[in-house]
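Participant: Once you've looked at the hints, dock chain B against the given chain A.
So the protein sequences, as listed, match chains A and B. Each residue of the first sequence is one higher than the last, beginning at 84 in the working numbering. Each residue of the second sequence is one higher than the last, beginning at 84 in the working numbering.
Don't read these hints as lab results, they were simulated from the structure. Hints may be right or wrong, so weigh each one.
Copies of the same chain look alike in the list, so a pair counts if it works inside one copy or between any two.
Taking lysine-lysine pairs in the DSS-like style, the calculated list, with each CA pair at most 27 Å apart, reads [stated by the list, open to error]:
| no. | residue 1 | residue 2 |
| --- | --- | --- |
| 1 | 592 | 325 |
| 2 | 592 | 215 |
| 3 | 529 | 587 |
| 4 | 360 | 215 |
| 5 | 529 | 215 |
There are 2 protein chains.
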Amino acid sequence: MPTHPILIAGQWRAAKASGTFRAENPATGEILPDEFPVSTWADCDAALNAAADAATVLRVTPPEQIANFLTGFADRIEARKIELVETAHAETGLPKAPRLADVELPRTTGQLRQAAAAALDGSWALPTIDTKLNIRSTLAPIGTVLIFGPNNFPFAFNGVAGGDFAAAIAAGNPVIAKAHPCHPRTSMILAEVAFAAVKETGLPPATVQMLYQLAPEEGLRLVADARLGTVGFTGSRAAGLKLKAAADAVGKPFYAELSSLNPVVILPGALAERGAKLAEEFTGSCLMASGQFCTSPGLTILFASEAAEQFIVGVKAKLESTAPGTLLSSGVARNLAASVRALQAAGAELVVGGSPLAGNKFANTLLRVSGEMFLSSPEKLQTEAFGNASLVVVVRDAAEAANVLVHLEGNLTGSIYSDTAGKDDALYAQFAPLLRPRVGRLLNDKMPTGVAVSAAMNHGGPFPATGHPGFTAVGIPASLRRFAMLQCFDNVRPARLPAALQNKNPSGKMWRLIDGNWSQENLGE
Amino acid sequence: MPTHPILIAGQWRAAKASGTFRAENPATGEILPDEFPVSTWADCDAALNAAADAATVLRVTPPEQIANFLTGFADRIEARKIELVETAHAETGLPKAPRLADVELPRTTGQLRQAAAAALDGSWALPTIDTKLNIRSTLAPIGTVLIFGPNNFPFAFNGVAGGDFAAAIAAGNPVIAKAHPCHPRTSMILAEVAFAAVKETGLPPATVQMLYQLAPEEGLRLVADARLGTVGFTGSRAAGLKLKAAADAVGKPFYAELSSLNPVVILPGALAERGAKLAEEFTGSCLMASGQFCTSPGLTILFASEAAEQFIVGVKAKLESTAPGTLLSSGVARNLAASVRALQAAGAELVVGGSPLAGNKFANTLLRVSGEMFLSSPEKLQTEAFGNASLVVVVRDAAEAANVLVHLEGNLTGSIYSDTAGKDDALYAQFAPLLRPRVGRLLNDKMPTGVAVSAAMNHGGPFPATGHPGFTAVGIPASLRRFAMLQCFDNVRPARLPAALQNKNPSGKMWRLIDGNWSQENLGE
Numbered sequence: 084m085p086t087h088p089i090l091i092a093g094q095w096r097a098a099k100a101s102g103t104f105r106a107e108n109p110a111t112g113e114i115l116p117d118e119f120p121v122s123t124w125a126d127c128d129a130a131l132n133a134a135a136d137a138a139t140v141l142r143v144t145p146p147e148q149i150a151n152f153l154t155g156f157a158d159r160i161e162a163r164k165i166e167l168v169e170t171a172h173a174e175t176g177l178p179k180a181p182r183l184a185d186v187e188l189p190r191t192t193g194q195l196r197q198a199a200a201a202a203l204d205g206s207w208a209l210p211t212i213d214t215k216l217n218i219r220s221t222l223a224p225i226g227t228v229l230i231f232g233p234n235n236f237p238f239a240f241n242g243v244a245g246g247d248f249a250a251a252i253a254a255g256n257p258v259i260a261k262a263h264p265c266h267p268r269t270s271m272i273l274a275e276v277a278f279a280a281v282k283e284t285g286l287p288p289a290t291v292q293m294l295y296q297l298a299p300e301e302g303l304r305l306v307a308d309a310r311l312g313t314v315g316f317t318g319s320r321a322a323g324l325k326l327k328a329a330a331d332a333v334g335k336p337f338y339a340e341l342s343s344l345n346p347v348v349i350l351p352g353a354l355a356e357r358g359a360k361l362a363e364e365f366t367g368s369c370l371m372a373s374g375q376f377c378t379s380p381g382l383t384i385l386f387a388s389e390a391a392e393q394f395i396v397g398v399k400a401k402l403e404s405t406a407p408g409t410l411l412s413s414g415v416a417r418n419l420a421a422s423v424r425a426l427q428a429a430g431a432e433l434v435v436g437g438s439p440l441a442g443n444k445f446a447n448t449l450l451r452v453s454g455e456m457f458l459s460s461p462e463k464l465q466t467e468a469f470g471n472a473s474l475v476v477v478v479r480d481a482a483e484a485a486n487v488l489v490h491l492e493g494n495l496t497g498s499i500y501s502d503t504a505g506k507d508d509a510l511y512a513q514f515a516p517l518l519r520p521r522v523g524r525l526l527n528d529k530m531p532t533g534v535a536v537s538a539a540m541n542h543g544g545p546f547p548a549t550g551h552p553g554f555t556a557v558g559i560p561a562s563l564r565r566f567a568m569l570q571c572f573d574n575v576r577p578a579r580l581p582a583a584l585q586n587k588n589p590s591g592k593m594w595r596l597i598d599g600n601w602s603q604e605n606l607g608e
Numbered sequence: 084m085p086t087h088p089i090l091i092a093g094q095w096r097a098a099k100a101s102g103t104f105r106a107e108n109p110a111t112g113e114i115l116p117d118e119f120p121v122s123t124w125a126d127c128d129a130a131l132n133a134a135a136d137a138a139t140v141l142r143v144t145p146p147e148q149i150a151n152f153l154t155g156f157a158d159r160i161e162a163r164k165i166e167l168v169e170t171a172h173a174e175t176g177l178p179k180a181p182r183l184a185d186v187e188l189p190r191t192t193g194q195l196r197q198a199a200a201a202a203l204d205g206s207w208a209l210p211t212i213d214t215k216l217n218i219r220s221t222l223a224p225i226g227t228v229l230i231f232g233p234n235n236f237p238f239a240f241n242g243v244a245g246g247d248f249a250a251a252i253a254a255g256n257p258v259i260a261k262a263h264p265c266h267p268r269t270s271m272i273l274a275e276v277a278f279a280a281v282k283e284t285g286l287p288p289a290t291v292q293m294l295y296q297l298a299p300e301e302g303l304r305l306v307a308d309a310r311l312g313t314v315g316f317t318g319s320r321a322a323g324l325k326l327k328a329a330a331d332a333v334g335k336p337f338y339a340e341l342s343s344l345n346p347v348v349i350l351p352g353a354l355a356e357r358g359a360k361l362a363e364e365f366t367g368s369c370l371m372a373s374g375q376f377c378t379s380p381g382l383t384i385l386f387a388s389e390a391a392e393q394f395i396v397g398v399k400a401k402l403e404s405t406a407p408g409t410l411l412s413s414g415v416a417r418n419l420a421a422s423v424r425a426l427q428a429a430g431a432e433l434v435v436g437g438s439p440l441a442g443n444k445f446a447n448t449l450l451r452v453s454g455e456m457f458l459s460s461p462e463k464l465q466t467e468a469f470g471n472a473s474l475v476v477v478v479r480d481a482a483e484a485a486n487v488l489v490h491l492e493g494n495l496t497g498s499i500y501s502d503t504a505g506k507d508d509a510l511y512a513q514f515a516p517l518l519r520p521r522v523g524r525l526l527n528d529k530m531p532t533g534v535a536v537s538a539a540m541n542h543g544g545p546f547p548a549t550g551h552p553g554f555t556a557v558g559i560p561a562s563l564r565r566f567a568m569l570q571c572f573d574n575v576r577p578a579r580l581p582a583a584l585q586n587k588n589p590s591g592k593m594w595r596l597i598d599g600n601w602s603q604e605n606l607g608e
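Extracted from the complex, chain A is given alone in its bound form (with noise of 0.2 Å):
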């Protein structure tokens, strides 16, 4: 079979390689049969170049005409599902259904289509006229985004399909994607999918194109490269920091989404009411896909009593009782024993697993640490171990988890439970303020890992949970402000304004800010 082609300018063309790879079945350890190229500066270069081109375009192509492209890549991806979902499947070990026929699959179509209805709405650009002034302002596309996408989510996060894709399109930019090289084929048909309907809607050809695989050193070069407007990365916390100072170093946003512990507090009136169903409840988000969501719980904070224990010996007798998934790939897997060990090393006890299995399979595991051991060492009891892992801590009082607190990084998520007749109330109020600065989505009584495409959703957070802490990954408008700049318009000829700043509304609803107020209205005529 020959080595695949990439896609490039408006054609699938051979790669200027330098060398090859293939994915791996980690369910089977069976080396997959298709064979990808890494790109070399080369492939780069002409990727940007005829990204410019599509940039220019793209700023004056109709809304209607993105949207369509979006809902008719979501039309596409649908009619391909069987295959996507094999492929998938064959590249990730994550099971067929419900993940990911029945969840993911409609998770990113649903996206797309979402994506598709902001750009028509156009609202996202919070478009502001001061009528006494004749100064109008509206974001606006900044340019090529380059999207790295992560092993975790297939199709859901992909570079050519995922959230980060569907904003940037939407929000009228061009995408080059980095295909996470763990599901090549996957990212393959996405992309064929996406193209046949840039063909279909008559979009720029160069809108989407695609990268398999960089050398490390031509990731830096690329990110800092002038002809991109920005990047969306998802990843590790190594990666994306490496990436991220060369696009810093040349003042280009960087929109990383990196490691997250999700803490969990369960204050002592919640496990005393309702511990047994806590614990089964932690133990499934815990679970669920292996631990490999951004959002899994990695580190609960308990305080110490019978009832503590309990809970500790309950999740330890769910996670022996269910059967570990298999991890993402071998490297997952690797990395995760390493992060334990670094846990243990660190000071924290196994309570239960630990070990890895066959077949890029690890031992559901819990460890556990006291309060004070972990403030002791708190940057390295914060190792994520990104897999299904999950650390406890013990603390004495209140004292000491609010000194925990405090220590804690920046995060995605932080949830605290507490009981329903308002016994650990004051607890609550004594630390809800100091976790809620520490993490962009602050949950009650629930588990972090189901992360709704809602427009008030933030899958964001503090450094280095991600790379600015005013941003969403997830969320339809907002996540689309990302991928824009501000763009004014002082004293500018009507006829000269883009649509959504001219006196007619041009849907009729969008909503902009006039003179302080949001409407919908056209501006007097």
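Facilitator: Frame of chain A; chain B shown alone:
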């Protein structure tokens, strides 16, 4: 006279100083009598701790109280107007009237009052409610804001009274101001006034703190400190980029307003139609505050023609016949001379001026360069000459003009002048798309020097004009959003929600995005 104290942790107290400095009267060369301390890390550390405590209180302080502080501060500034104007005049050489007394001071108090109104209203935070999923989100205070004020606006951009200060406080954050060492006494008076208003309105005493000066290495340490939420910096590109790198390395948002040439394109029809008037308008803009505005027109593109030569002759005559103003400091005068020499070394020819004059003045200066020469050295020929000097690029034809435009760095503004009869429309249509993505604010038939405090203003732009193209430093309420993080509340119990996200609209006037529509209503009860 003893060294002045600094404002830390609710006290005017002696700095732990490594040395002292005095400001200079740039008009007379006189060293002013007041002695100010250069703080060591001990002062920074104390300020950071005090601010962190204040931040916790401010997060739950009613907006009315914050608004009262801002308006009370504005009132008190007006009460000390004469002293402030005298002091700023002595420290900066800027004219007392109209500039300081009638323009900048009213602008400063106007900003504080607009910020108060924005704090009270709360709509700036884009509160968003998904009633179906019970997910609610809002922008919320990011934590302590460190503000570096620039030399060129002793009131309106002062770290302890200017636009960044007003926005940071209105968004609910404490401020640590780093005064500009060129106008320490002005900053001291403003801090006294601010602190009196803090005490009067019962805000946490460390809501406003101020240091005068720091060793560069302490500044780098300060911007990277974990206790700090973010930084607002207005100043030189060299200093700003060093601080930005330190903040970037620890993932801290850094809002910088750096350099800008504010390109102006005068199309042939406009030049033919009203060349003499444009020469006057241009010269007036160039010489405003001796060219020491962030939006001073530093680079103008003309098409080679007799009309262009007449324009240049006209500008030259006006520059020669206008008395040069005093520059802000001897440092500004030295840097301006060096920048003009650098432009000459890169191939620009002097049309008029080019020489330092006595009393921290510089001859009003115009340089010119051909489009061809510009394109041979575009980076060097975009050296910012901060002060009363400007460069004209004379291009051969439209293709060369377009080529110059695509070589422009990111700028705050870009202006295009075209004729009123439509003869320039084809060129406008060609050039505007090239200029638009490179500037934050696009103007028609207008010089860039007026920066209105409007909700629709963008005083921002692509790097290196600023550190992020999505934000504005001027224009309320958008400027508040720099000093915020996105906070989502998922299933949080009703009484625990911030007022802005509860069912009842807290003011009855706050705009909230409820299920996709902006509304001022309460949620159904």
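Participant: To test your reading of the hints: which numbers does this structure violate?
Facilitator: Hint 1 contradicted; others consistent.
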